[in-house]
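J.: Protein chains in written order, with our numbering: chain Z, 504 to 617; chain S, 10 to 121.
These are computed hints drawn from the structure, not numbers from a lab. Every value quoted in this text rests on a predicted model; they were computed, and no experiment measured them.
Once the Cα atoms are required to be at most 27 angstroms apart in a straight line, the calculated DSSO-like pairs of lysine-lysine come out as:
| no. | chain 1 | residue 1 | chain 2 | residue 2 |
| --- | --- | --- | --- | --- |
| 1 | S | K58 | Z | K560 |
| 2 | Z | K560 | S | K108 |
| 3 | S | K67 | S | K77 |
| 4 | Z | K560 | Z | K520 |
| 5 | S | K77 | S | K58 |
| 6 | S | K108 | S | K67 |
Under 10 angstroms between C-beta atoms, here's a sample of chain Z residues computed to sit facing chain S:
| no. | residue |
| --- | --- |
| 7 | S512 |
| 8 | Y536 |
| 9 | Y538 |
| 10 | Q544 |
| 11 | C595 |
| 12 | S598 |
| 13 | V605 |
| 14 | R613 |
A short list of chain Z residues far from chain S (calculated; beta carbon distances all over 12 angstroms):
| no. | residue |
| --- | --- |
| 15 | G519 |
| 16 | G575 |
| 17 | T581 |
| 18 | S590 |
Here a beta-carbon is modelled for each residue, glycine too, at the ideal position from N, C-alpha and C.
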Amino acid sequence: GAGVSQSPSNKVTEKGKDVELRCDPISGHTALYWYRQSLGQGLEFLIYFQGNSAPDKSGLPSDRFSAERTGGSVSTLTIQRTQQEDSAVYLCASSPGDGANVLTFGAGSRLTVL
Amino acid sequence: AQSVTQLGSHVSVSEGALVLLRCNYSSSVPPYLFWYVQYPNQGLQLLLKYTSAATLVKGINGFEAEFKKSETSFHLTKPSAHMSDAAEYFCAVTCRDYKLSFGAGTTVTVRA
Numbered sequence: 504g505a506g507v508s509q510s511p512s513n514k515v516t517e518k519g520k521d522v523e524l525r526c527d528p529i530s531g532h533t534a535l536y537w538y539r540q541s542l543g544q545g546l547e548f549l550i551y552f553q554g555n556s557a558p559d560k561s562g563l564p565s566d567r568f569s570a571e572r573t574g575g576s577v578s579t580l581t582i583q584r585t586q587q588e589d590s591a592v593y594l595c596a597s598s599p600g601d602g603a604n605v606l607t608f609g610a611g612s613r614l615t616v617l
Numbered sequence: 010a011q012s013v014t015q016l017g018s019h020v021s022v023s024e025g026a027l028v029l030l031r032c033n034y035s036s037s038v039p040p041y042l043f044w045y046v047q048y049p050n051q052g053l054q055l056l057l058k059y060t061s062a063a064t065l066v067k068g069i070n071g072f073e074a075e076f077k078k079s080e081t082s083f084h085l086t087k088p089s090a091h092m093s094d095a096a097e098y099f100c101a102v103t104c105r106d107y108k109l110s111f112g113a114g115t116t117v118t119v120r121a
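Construct all of the structure, not just a fragment, from the sequences and the given hints.
T.: Next up, the structure:
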């Protein structure tokens, strides 16, 4: 696609429910990132995918968080048993994977846990 | 490991005045540095990047930044602010690997 597409744009859920956030990167981009943006804080790295390599999951805050990338394209970030502190904007970005590190971001998925 | 510190979470400038956003970095190797801008309800957009070529980097919308190794700084400037510059700005660093570390962001308000 022309840009990075994320869905849903807004999600309100109850504490304890599971949520899935989807990211459709730019076609041909081999690298895909998930970041979390909380109010008043910078972007927190969550996970990185590059081609067929094992993902870097070092930023996932707990085992309730997981992500997968199917076919080297679309990625899904799953949060199980959501907590109020999970409320944030979840940003997906992709890059060509050419080492220049220029990321193109989606508009984000705003998650509110009641 | 790398990190950035953005000095000032909020900056207010008059239209036509200089915009100066401060960023200091920490990196164990020569870094790549970036400035991104985020408009309300949008994703981050690349303003400019430093990748060890010219130390003065020009970006979009009249912004520029200067890499100063001695000061470990990469401050962002624009000579004359426009109302459309109101946004949140993020500085980011990478040690030339894939992981970007972002600052906490600086929100710019432009007064008419």
